[in-house]
Amino acid sequence: MRLARLWLGIVVALALVAPLLTQNSPRDPVASALAPPGPGLPLGADALGRDFLARMLFGTRLSLGLASLAAVIAIGAGGAAGFAGALFGSTADRVWLWTTNVLLSIPSLLLAMLLIAAWGPGIPAVVAAVGVGGAPVFSRVTRAVVSQLVGAGYVAAAQAAGADRLWTSLRHVLPNALPQLAPLAGTQFGWAFLGITTLTFLGLAGDPAVPEWGAMLNAGRVALVSAPRLVLTPALAISLTILSVHALSRPSETDDSNR
Amino acid sequence: MIRRSVFILPVLIVACSGRDPSPESLRYGLTLAPTGIDPHLNASVELGIPLSSVYDTLVYRDSETGEFVPGLASRWEVSADSLSYTFYLREDVRFHDGERFDAAAVRANIEYTLNPDHASQKAASMLGPLLEVEVLDPYAVALHLERPFAPLLDSLSQVYLGMASPQALATWGPGEYQFHQVGTGPFRFVEYVQDDHLTLQRNPDYGWAPEIYSSPTAQIETITFRFFEDVATRAPALETGAVDIIGELPASEVERLAALPGIGVQQVRVPGQPLQLLFNTELSPTADLRVRQALVLGVDRAAIVETVFGGYSPVASGPLAGDTFAISDQTAFPDYDPLAARELLEQAGWSGDPGSASLELRLVVPNWGSNPEVGQLVAAAWEQLGAAVTLEVAAGFGPLTQAQAEGDYHAIGMNSFGTDPDLLRPFFSSDGFFNWTGYRDPLLDQLLAEGMEASPSPERSATYSELAGLVREQWLILPIREYVNLVGVNSRVDGLRFSPQGWFPYLIDLQLRP
Amino acid sequence: MVPLLNRSSTSPVSSTTRRLLDGLLTAWAAVSLTFFALRLSAGDPVAALLSNGLTTSQQAEQLRHRLGYDLPLLQQYVHYLGRLARGDLGVSLYSGQPVTELIGSALPSTLRLAGSSLLIAFPLGAVLGGVAGWGSRPVLRRLAGTLASLATSLPVAATGVIGLLFMGRLGGADSLAPQPGLWLPATVLGWAAAGPFARAVQAGLQSTRRSPFILAARARGLRQNGRLLWHAVRPTLPAIASLLAVEVAFLFAGTVVIETVFSRPGLGRILVRSILQGDFPIAQALVGMSALFYLATQVVADSLARSADPRLRGPA
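Protein chains in written order, with the numbering used here: chain P, 1 to 259; chain L, 1001 to 1514; chain X, 2001 to 2316.
The hints are simulated quantities; they were obtained by calculation from the structure and are not laboratory data. Every residue gets a Cβ at the ideal spot worked out from N, C-alpha and C, and that includes glycine. Heads up, some of the hints might be wrong.
[As the list claims (entries may be wrong)] Covered by chain P, per the in silico footprint, the following chain L stretches (three or more residues, Cβ under 8 Å):
| # | region |
| --- | --- |
| 1 | 1231-1245 |
| 2 | 1260-1274 |
| 3 | 1305-1316 |
| 4 | 1391-1405 |
| 5 | 1494-1501 |
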């Protein structure tokens, strides 16, 4: 648990100060291809002679930033849909139910890939696709939480009194719903991070030079035997980040009560 | 014929289903799966690797002497005015489907290739100003040209003008024929499953091998070609024994692979155009000559070649690779000069000052031959000059031509291969299929026409030198590297040799050590 | 799967039929979603052929007409559904090869990978979950629990590449090791798929272990042996059955990634390439088929869960 917080803290800090830590741009070649680690190049150079450490550092920004963006989209869209389904009457609820069922009938990675197929490969498409892919699950949870909080009476009364009362009930519901939903934001971020790194790993990021961890994991495969650090580093970074996020967003389950 | 294939089938099934290498079968690794594999219609070189051994051609080119030797044509005559070529054909040749090869077959093939509805991408252009194919008698055919055409024999020596069975062509038609190809070569085409595999089987009736082949018939029963589009998979495929031969190995792995016992690496020069970018002269800012010049001078081509291709590729210095044709050094592209580049950009109005408009460039490269890597480094270099560059990797020939058709690019990667400099014609003539620079100049057309007509001579060299000079003066291209194919070979394979075109192996000469 | 149709309906239609109808309705919607998502953004697909030099403009017009691309979108949609019902999935934009052929040639490889992964996942997950939830030593329980957690969290892309790396080292980069074949990718994927299963088993066992009837049984002197374990496991079976659908969904994503990592032929490679190239009939068919398959799995899992636990059966 502490390790998880430590790792995430490091990663976020690196993401914030990355440009200060290195003079090299992640896109400009500065050495020969696959140059081993040495003075000035703590992690050596990648297959195109770029400073690998610089790419990893800027990768923290990209990977975390894009995942956060996708998570925000998922939470925003999913949350709004969930609220609407729970509060705006049975017709809205039916529509919501139907839409989420359809979206959930497609495994989320494939749904994201479908959206990328529609919009064309590229970073914006990947972020949007992952965001939309994560929205249905979050909307389901939101609706469940909100329905639970709101008794049938509340909704009926609000409906009878018109939209004005509806917004009032919303204002009542929100502060109570948020504490229950907040931990799920962590899980959403975890899934978004996994989704983004997987899609960029598959080559759907559009820009081949993008210093994003998933894309770098893929690019490093050419030199798997000659320079394994190019693959190990992003693999470890991605794994540790996801592990930490999962560890922090789940209540501890490994505790055992006494017999 | 059919009965024989039934006997061969069990062998095929056993050979193709197991992973164990059998002395009768060879696994060959290809790279990209081409969009289409009909050599008469498609331009890919990948298709030539297997299909050069499915088809025979009228003549062959000797890689050592450069001379043309008999193939399906046992001799030929050229008229005094160079407008008629008469070929006297062998009489003992049969197609894989049992049909006789004769003069009518030659005519059928050429008509199929030239049919405008078939939209041949390369083979048609290789026939130049062909007017008519005249069948003189069953085994003599004359090709009549409108103007002298020097590259004709060279064209007729390549797989793109290989002789296919007219019956098969007629039965299947363009589009379908690629899955049912019938030739006269040392190997028969068995099947092609797109993106998965292509299988060839030894032709036991092959008795008309040209002198350039070391062996009179094929010595391997089955060859299975699989596709390894992902560069990272090629070295492992060779190391683990999944393939016996594979080309286009990444330069970074070659030293390591060559040092392994049981693996060898051949470096095969490929003549033709270098890996290059073509500038779009019809779109601002690359419409401005100074900008193009700056974009060339601002790229350290030698460093890029060193990084991406190790020490294995010469830096390209013009529109043709050195091996294809002798080009005098005066037309060589100059070296890296970033200061001059910046000056030129300023002169052209792109000062790079904050607040002023910035140079926006769109670069489109295909996904083969390390083009994406080169594209990334070129984009980085241009960004050093102050440009904002968008790099798009087109996932295949289809997407590449689609991007080109949309016109929204400042530089696009494309090149062709061959042994005759006339291969430049589709790229630089005003109505050329690959004129993706959009540059039209009557002088270029004239030079191309002269070069096309002149027979090999110092005058022909001079013509192409002048053409190369014009290309450089107009800064139409950014040449990067001359192709060297790095081919990995398992030591159980003997006798791997390549044709003068560089890409195509003589599969008939391959032997497997037990 | 939450049923669409009103549960409190007084219709004599049985619950199973209602679920089937739900499934079909959702399936139709999913397939339509794939159709419209791609067609609305793809533009004129024949332009791809034209620019590829494969057709002249006259042929392009003929092709457009033959494929029905010159009809209004809704009419094309109807035709699409009709062809789908007949099993015609269309043709690849670039090669013209029927999509059914392309999928057919790649399907065996993907099925082999998915199948072997499942064969590894269920026993492995059962063991890990069993030890984590019921094991006698805390050290073992923690170890098993950690392995299960890692399995769910670690992305297959990372574990796959690391596996490849260490297999290369073990096999010796300087020897011609025989091809790893199926076992490494299947193990990587199987371990990852075992994760959710293990956690469900573990959670189920942990909760029932403290339940009154188990405590009572132990108070009566039944040792923690297999029989007790079986009684503890039974209530968790419905949850585990519904996991089947989760596993299938996971495997869809997992096989795509693993096929890329280990460069195996299969549907994953075809799907990714079709997206990169914009060959949308293939993408359409693959995503649509996956949705149908996934829905079918959900229906099956639902029925299994229902039959395993009478409490869930509800009104017949």
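Here's how the hints hold up against the structure:
1. 1231-1245: holds (count 4)
2. 1260-1274: violated (count 0)
3. 1305-1316: holds (count 4)
4. 1391-1405: This one holds; 3 residues, not fewer than the three required, reach chain P with a Cβ under 8 Å.
5. 1494-1501: violated (count 0)
The structure fails hints 2 and 5 (numbered hints given earlier, in ascending order).
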